[in-house]
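K.L.:
Residue-level listing of the chains:
Number of protein chains: 2
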Amino acid sequence: MKIIKQIDKIRAFSVEKKMQGKIIGFVPTMGFLHEGHLSLIDKAKKESDIVIVSIFVNPTQFAPNEDLEKYPRDFESDRKACELRGVDAIFYPDAKEYYYPDASTWVIENELSKGLCGASRPEHFRGVGTVVIKLFNSVLPDIAIFGEKDYQQVAVIKRIVRDLNFPVKILTGPIIRESDGLAMSSRNKYLSKTERENALSINKSLFAIKKALIEKKITIKDALKIIEDNITDSGGCIDYIKIVDAETLIEQNTFKNTIVIAVAVFFGKTRLIDNIIIERI
Amino acid sequence: MKIIKQIDKIRAFSVEKKMQGKIIGFVPTMGFLHEGHLSLIDKAKKESDIVIVSIFVNPTQFAPNEDLEKYPRDFESDRKACELRGVDAIFYPDAKEYYYPDASTWVIENELSKGLCGASRPEHFRGVGTVVIKLFNSVLPDIAIFGEKDYQQVAVIKRIVRDLNFPVKILTGPIIRESDGLAMSSRNKYLSKTERENALSINKSLFAIKKALIEKKITIKDALKIIEDNITDSGGCIDYIKIVDAETLIEQNTFKNTIVIAVAVFFGKTRLIDNIIIERI
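Protein chains in written order, with the working numbering: chain A, 175 to 455; chain B, 175 to 455.
Bear in mind the hints are in silico, worked out from the structure with no lab data behind them.
Being a predicted model, the structure only gives us computed values, none of them experimental.
All C-beta atoms, glycine included, are put in the ideal place defined by N, C-alpha and C.
Incorrect hints may have been included.
Stated by the list, open to error - Here are a few chain B residues that face chain A, going by a calculated C-beta distance under 7 angstroms:
#, residue
1, Ile181
2, Ser278
3, Thr279
4, Val281
5, Glu285
6, Ile307
7, Ile334
8, Asn339
9, Glu389
10, Thr393
Stated by the list, open to error - With a cut-off of at most 25 angstroms between alpha-carbon atoms, the simulated SDA-like pairs for lysine to any residue come out as follows:
#, chain 1, residue 1, chain 2, residue 2
11, A, Lys343, B, Val189
12, B, Lys332, A, Ala277
13, A, Lys191, B, Asp223
14, A, Lys332, B, Lys196
15, B, Lys196, A, Arg185
16, A, Lys192, B, Asp223
17, A, Lys176, A, Val342
18, A, Lys395, A, Phe429
Please take these sequences and the hints and turn them into a complete structure.
P.N.:
Right, here's the structure in full:
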């Protein structure tokens, strides 16, 4: 497995493989890999010939008050995990070099980025969109794979790729959960033992409400209220709980098309997100 | 010479040539080709193995009050000119299909786009940046060639390509002028005979002032005043006359580094631009 820091070198690696007719699969990450990331790597292995993983804690998607500095990093552990999983190359750019000091270009998506996480993190998706395009232009993948835990991120990236005609196919992998149901996240390590237990109110209420909605036992309005009460009663401080159309991300009052319940909650200082997709039967 | 309207087909054409080890040169245009465009095609022929020209009057770089509808078009004449010049393929996307009706993504450059044409056409460079990225992702060129008449456009595109790590080398070709010195432009055809004569005040004053500045006979302030008077006396309505640093596009009060005198002037309803680069000796 190669570890490559320079853009021209990862690009040369990719072009060489492409010239041999190989399909390049790409899993962009911020490192501190857990089974969620590794499931995306497994999917990339199945869908492509060569798998490249990027590890880059992207500064432009963090606001000044957010956790850029303390975001967990463990390159050695990530390297081993990638090696074991059969990754062909890690792209590991230097945070200080990857953006020019006078960079002045942004890739901006104006519709799907507005609500949910975009409402409380107004410049987040501008940073995500810009770095994903930089990474695509560095790695030159045929396929890129993103996790559905960041549901809005996936929607925004698919839209950017569609609108700008990027020659990259976007695939997704489902949320991977701990045995007790908490969605895996690099940020889970911030949680105290009590916060960790209380945070289960997120996934428990999402699963319970999914069942109730499918069985038509409750309305959308009821659903939102129940989740809010459950999480708040467990000490969570809610950023948002929304039920949105799975395609447009527009808030729904009725359960007509496939919907997503998307949640962002603080437990202590740690902001967790989770979601559940509910197909209209 | 192929004429290709679909994105997947131009991409397949390009990938096939790349797999043969060919270098793809690209000249994006809005059609109504003149010797300025053709000089860029000639340069592309020299610098690459396969030359693709796009012809697309990009709606997103026109403001509602601008000349999108009446912008001159003559595909048959353009086709012949490309064929004669040895172009390998014309990419000729359908204006109604190239943007999705619900497109919501923009490529935005925030520094170099601000002044000059960006000041009077505030959304122009957002449209330019976005379409150039769409075109690059459609055509997949190794090299792209732009004309220096749109000096600010070149600077913005170079910045976007640098910041987003696009794997495309940007080359430029010098302004091509009519025998009397007027910079070639598809918009020159809008000019009445009198306007056409009066418009020569632009290039005449630019060349005279270049000489005077090099010979250190005048200051920057004098230079701006003389150009303004010359053009205004000829009936031109000035949008801007600026002397800027050739790299940063920041306005200059003294002639320290290489500068550009950039001008936008209306003669009648027709907005013309021109510029002249003056290297510090």
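K.L.:
Decide, hint by hint, whether the structure agrees.
P.N.:
Hint check results:
no.	hint	verdict
1	Ile181	holds, 6 angstroms
2	Ser278	holds, 4 angstroms
3	Thr279	holds, 4 angstroms
4	Val281	holds, 6 angstroms
5	Glu285	holds, 4 angstroms
6	Ile307	holds, 5 angstroms
7	Ile334	holds, 5 angstroms
8	Asn339	holds, 4 angstroms
9	Glu389	violated, 34 angstroms
10	Thr393	violated, 29 angstroms
11	Lys343(A) - Val189(B)	holds, 16 angstroms
12	Lys332(B) - Ala277(A)	holds, 12 angstroms
13	Lys191(A) - Asp223(B)	holds, 22 angstroms
14	Lys332(A) - Lys196(B)	violated, 31 angstroms
15	Lys196(B) - Arg185(A)	holds, 17 angstroms
16	Lys192(A) - Asp223(B)	holds, 20 angstroms
17	Lys176(A) - Val342(A)	holds, 22 angstroms
18	Lys395(A) - Phe429(A)	holds, 10 angstroms
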